[in-house]
Amino acid sequence: MHDTSTHAAAHHGPPTSFIRKHVFSLDHKVIGKQYYGLGLVAVIIGMVLSWVMRIHLAWTAYPIPGLHLLSGTGAPGNVMTPEFYLQVMTMHATFMVFFVLTVVPFAAFGNFFLPIHTGAEDMPFPHFNMMSFWTTFVAFCVMLLSFFVGDGPTLGGWTQYAPLSAVGAVAGPGQGSGVIIWATSIAIFCVGQLFGALNFIPNVLDLRCKGMSMWRLPMPTWAWFITSCMGLTSFSVLMPACILLILDHVAGTSFFVASNLVINDQLQPHSGGSTLLWQHLFWFFGHPEVYIAIVPGMGIVSHVLITNMRKPMLSHRVLVYSMGALAVLSYMVYGHHMFVSGMNPFSSLVFSFPTLLITIPSTVIVLVWIGSLYGAKLRINAASLFALGFISMFITGGVSGFFLAQPSIQILLHATYFVVAHFHFTMAIAALFGIFSGTYFWFPKMWGRMMNDNLGKLHFWLTFIGVYAIFMPMHYLGLAGNVRRYQAFVVDYMQPLVGVHQFITIAALFTGAVQLIFIYNFIHSRFWGEPAPENPWQGTSLEWSVPSPPPHDNFGGKHPVVYHDPYQYGVQSSTGDYLMQDSPEQVKGAQDEP
Amino acid sequence: MAKLLAVTIVVIAILSAIPIIRNTWHPLPDVSAHGQAIDDQLSETMWEAGISFLASQIILAWFIWRYSGNRPGEKTKTFPGGATGLVAAAVILVGVEVFALGIFGVKAWANIYFTPPGADAMPVQVQAGQFAFYFRYTGPDGTFGAIHPEMLSEANQNFYGIDTDHDSDAKDDIVTAEMAVPVNREIRLLMHSKDVSHSFYVPALRIHQDFVPGLDLQIHFTATKVGRYEIVCSQLCGLGHYNMKAYLSVLSQDDFDAWLKKQAALQ
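Top line first, the protein sequences correspond to chains Y and S. Heads up: the first sequence begins at 1 in my numbering, then just goes up one per residue. Heads up: the second sequence begins at 1 in my numbering, then just goes up one per residue.
So that you can see chain Y by itself, here it is in the shape it has in the complex:
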């Protein structure tokens, strides 16, 4: 396959106009940066929304200056109403899960680096790739619009459980137009991600350059490939589910609404639908989505660590097989979100076992990372610090999974802050650490300038301590039975827990403020950073063999040829302790994948 691959790459000349170069660009690198920018805007929105929520949870009656600007009716006197709290919560999760955790580690970095890693000059279908970003951008704008239409965004949570989401405005503010906008935006988002996956998969399968066997692909590219396969199959379930939800609103269908429901003393004109159908469809997407967020981070962190350890991982293949096992199992475990949902209790046990099983590949990945640190010559910089932080976060998030995999323990912990702690550590914070690690590592290649490493380290230290201070106490809240998605704690046994919430809020505001260091560093380095050399970290994979930033067709009209596996470190070559993937030099001690 790889003998002819470079000729199969889609050829398109360098763009000449501003619009074709920076806006409707076909270049995968520009598209990657566009995704990154979108993710950056979305993460700022998501973070500000989380501040608003946290302040409200800790000091419920405290007015938050300027809050009325976000909603005319939701914040009289700048104090949130209960419904506005839920609307903000829903939007926080939606922006973060879809437009940050899916977009940045997968679509942004993947678009920029996957074709370079495979030795291709672009994605196989550049027009689809451009449409992928712009479709996602439209989805983002539609989602933002919901703040300004009707009675605001939906309050149903990012999980949008039916029938609350399916019966319309009668169920509460935002449940009419808000849900329709939400479902429309997500359906559009799914289309965008399908366009993306349809580029990533054939690129890896068909556009690899000469000598680039599958086992010579770098870890992030394996991770993006596995993620694309998950995206292809899970977004294609969520999209029709969203369409069915919209039909329940606008076409008088009853996919998700059972008969004889009475809301606000009105008998609902629906019959025969299934409450649990939505949950099955949603979580069939929702659980793979967790791995869509985290698997690219695993690839990025492996890549960053290998370069900074100056030695390969113990086994490249074991990591790839484990990520593959996570992907396959992710479809079989989704029922653990539904242990107490009212599905057959026997099903809960059936879903419990693959959920427990999935800890094995996760543990293998962590042990391979830790075992690989043994005997390393670890360099400490912002990228490697965030990669090491990722491992610590992933361990912490992983062990709380032991609890939530068991139906009997979920009787205590389901829908409590224990769950909030678990998924933030794994899919949110670990994934964000993967994003930060990737950013500090690849910024020189993406923008041609170095980031300030000291500021990066400072950013790491304050963030690392901050996120533990935010999310670790949430485990304790969960053990004490503190239910999530409450806007205030009026239940007697939860009152003593408010102090913990206040501590968390202070930690969240602090950690959020710390991110300004990153934003300053990012913007300052983008324009005034030191020009980056071609290979600042003495890396070996193909992105380090091209200028920073790479030219329009990545390899300057040449067809790269690969001679080695991507991680030849700890060898003695003419360049030092590493051997570039495209170097024909043969050295002693090199262990090459065929």
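Keep in mind that the hints are not guaranteed to be accurate.
List time: in silico EDC-like cross-link candidates among lysine to aspartate or glutamate, alpha-carbon distance up to 20 angstroms [said to hold, decoys possible]: (1) S:Lys107 to S:Asp30; (2) S:Lys75 to Y:Asp265; (3) S:Lys245 to Y:Asp492; (4) S:Lys171 to S:Glu150.
From the derived model, a few chain Y residues whose C-beta atoms are all more than 12 angstroms from chain S [to be verified]: (5) Gly13; (6) Phe125; (7) Leu205; (8) Ile243; (9) Ala532.
None of these hints come from the bench; they were simulated from the model. Cβ coordinates follow ideal geometry from the N, Cα and C atoms, glycine included.
We have chain Y; now place chain S onto it with these hints.
Chain S alone, transformed into the frame defined by chain Y:
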């Protein structure tokens, strides 16, 4: 800086474990007949997860401490046994650990869900709606009257949509806003949602079950200690979700009889 990171990771891991070891925050004391199995399962899992957590963080920290920096003259080394040993360790240690947990956990789950209620269990119905629970007792006839959704009206205080004029089963039904049960008596709880999904979460009783609109469910439990406990909704049900709660009083049989009589008089 690597050493500082190693120390920070260990300090964070230990600080995180202290509240667990000291049991600063814990589930409400169990007052159910079935809850001990759940608590045992939680405590076993806490031990295994706690040891895994501390061991992994400490080894991570140790390797960061030990193997950072260029260390001229020293060559990079490979972990003894390579990946094979680690994969075997993960499969054997974690595999055995999680499957043991899983298999013991089945017992705790089966106690609740796969054992049918006794024939003499007392039926109580709970209806969830935005944003309140209502409870219904059968009255002397031992039968609940049928629910007529079209008659259900908060405004007319017909919370269950029962037809007391024509339905003889419904005439003696007792509808209450608080729940009371006799101590040490098995309760068969019939769960009905009138509108959207809700949940019936009573941490002290180790009960957690969602209401499924369109599908009435049944669970059963026995409360073993007199007292007043809280029922809360844990499934997002709309703007008043945080405020959807009710009290569950566990009373002696005599007190319960007196309470039910008083409630019947109020109908």
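Do the hints match the structure? See the list:
1. S:Lys107 to S:Asp30: With Cα atoms ~18 angstroms apart, Lys107 (chain S) and Asp30 (chain S) stay inside 20 angstroms; holds.
2. S:Lys75 to Y:Asp265: Judged against 20 angstroms, a Cα distance of about 76 angstroms means the pair is violated.
3. S:Lys245 to Y:Asp492: Roughly 10 angstroms separates the two Cα atoms, so the pair holds.
4. S:Lys171 to S:Glu150: The given pair, whose Cα atoms are some 18 angstroms apart, holds under the 20 angstroms limit.
5. Gly13: Consistent with the label, Gly13 (chain Y) stays out of reach of chain S, its closest Cβ about 45 angstroms off (over 12 angstroms).
6. Phe125: holds (37 angstroms)
7. Leu205: Given that every Cβ of chain S is farther than 12 angstroms from that of Leu205 (chain Y), nearest at about 26 angstroms, it holds.
8. Ile243: Ile243 (chain Y) is indeed farther than 12 angstroms from all Cβ atoms of chain S, at 21 angstroms.
9. Ala532: The assertion about Ala532 (chain Y) holds, with a minimum of 22 angstroms to chain S.
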